[in-house]
Amino acid sequence: MNKNTTVDYQDWRYERKIRVDTLGVRGLEALILSNKAFFRTLHAERRVNNIYFDDDDFNCFFSNVDGNAAREKFRIRWYGDVFGDICNPILEIKIKDALVGSKKRFRLNDFNLNRSMKKNPIKKALEGLDTSLSIRSDIKRLRPTLINSYIRRYYISSDGKYRLTLDYDLEFYKFEAVSRTILSKRSQPGLVVEIKYDVKDDSGVDEVTNDLLFRITKNSKYATGVEITQY
1 MNKNTTVDYQ
11 DWRYERKIRV
21 DTLGVRGLEA
31 LILSNKAFFR
41 TLHAERRVNN
51 IYFDDDDFNC
61 FFSNVDGNAA
71 REKFRIRWYG
81 DVFGDICNPI
91 LEIKIKDALV
101 GSKKRFRLND
111 FNLNRSMKKN
121 PIKKALEGLD
131 TSLSIRSDIK
141 RLRPTLINSY
151 IRRYYISSDG
161 KYRLTLDYDL
171 EFYKFEAVSR
181 TILSKRSQPG
191 LVVEIKYDVK
201 DDSGVDEVTN
211 DLLFRITKNS
221 KYATGVEITQ
231 Y
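Quick note on this note's numbering: the sequence shown kicks off at 1 and runs consecutively.
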């Protein structure tokens, strides 16, 4: 059992996103590695999985779509296979304030995830949270609404100021609240690049993004997944 410890609290930083529909993975990676910031591979690619939470009115979703400056997002993240035995899951609370964001992370219990949610494995995972944490009451008012999964590649600039990720093979699964099952997978073509850096390094980011040849865009995987699976 992973008991009740906070993994970390991330300081405020920028996360800029670029959606790319005109290049494949190889072409976009070549563009990244030829950037003036001299990006290099940080570590091996891996599959990233998230369970997102929202209330019955999907207020987290609409807060994002409406562009509210201050908002929070709750998710469980793990790496590897989407279904089966989930090891070392982390509860993440993403906090957004205009263009900058922060993150709180908490260890959870391991659990087993399959398409039938009759035994409520997510409840078991959340039991690893410290009972003294206010987050327990926050998460109780929410329910799982979406799984998303993708393969992520990682890069870092030569000066260490800018981290960049390339996401592809995006998949989305809807949680059916009444039957407590996970519905069929929906996929989305295209690639997503994220550039992450400290607030103090904002003055130099234009040189990095201009060399990528694509515009910064608003792109939320959660909002995209809800639109694909709920409507």
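Hints listed in this document are in silico derivations from the structure and should not be mistaken for laboratory results.
Treat the hints loosely; a few may be bogus.
[Stated by the list, open to error] With beta-carbon atoms standing in for the labels, derived distance ranges:
(1) ASP56 to ASP97: 37 to 45 Å
(2) ASN210 to ASN68: 43 to 51 Å
(3) ASN219 to GLY24: 17 to 25 Å
(4) ASP21 to ALA44: 41 to 49 Å
(5) ARG136 to ASP56: 15 to 23 Å
(6) CYS87 to GLU227: 28 to 36 Å
(7) SER187 to TYR154: 19 to 27 Å
(8) ARG77 to ARG180: 17 to 25 Å
(9) GLY24 to ARG141: 39 to 47 Å
(10) GLU227 to LEU99: 20 to 28 Å
(11) ILE90 to GLU207: 40 to 48 Å
(12) ALA69 to ASP211: 41 to 49 Å
Ideal placement from N, C-alpha and C gives every residue a C-beta, glycine not left out.
Do the hints match the structure? See the list:
Between ASP56 and ASP97 the Cβ separation comes to about 26 Å, which falls outside the hinted range of 37 to 45 Å. A C-beta distance of roughly 29 Å is found between ASN210 and ASN68, which places it outside the suggested range of 43 to 51 Å. The hint said 17 to 25 Å for the Cβ distance between ASN219 and GLY24, and at roughly 18 Å that hint holds. Under the hint 41 to 49 Å, the C-beta atoms of ASP21 and ALA44, about 26 Å apart, miss the expected range.
A beta carbon spacing of about 19 Å between ARG136 and ASP56 agrees with the range 15 to 23 Å that was offered as a hint. Under the hint 28 to 36 Å, the C-beta atoms of CYS87 and GLU227, about 31 Å apart, fit the expected range. In this structure, SER187 and TYR154 meet the distance hint of 19 to 27 Å, their C-beta atoms being roughly 22 Å apart. Under the hint 17 to 25 Å, the C-beta atoms of ARG77 and ARG180, about 22 Å apart, fit the expected range.
At roughly 42 Å, the beta-carbon separation of GLY24 and ARG141 lies within the given 39 to 47 Å, and the hint holds. The hinted range of 20 to 28 Å is satisfied by GLU227 and LEU99, whose Cβ atoms lie roughly 22 Å apart. Between ILE90 and GLU207 the CB atoms are about 33 Å apart, so this pair departs from the stated range of 40 to 48 Å. With their beta carbons about 29 Å apart, ALA69 and ASP211 fall outside the hinted range of 41 to 49 Å.
Comparing the model with each numbered hint stated earlier shows that hints 1, 2, 4, 11, 12 do not hold.
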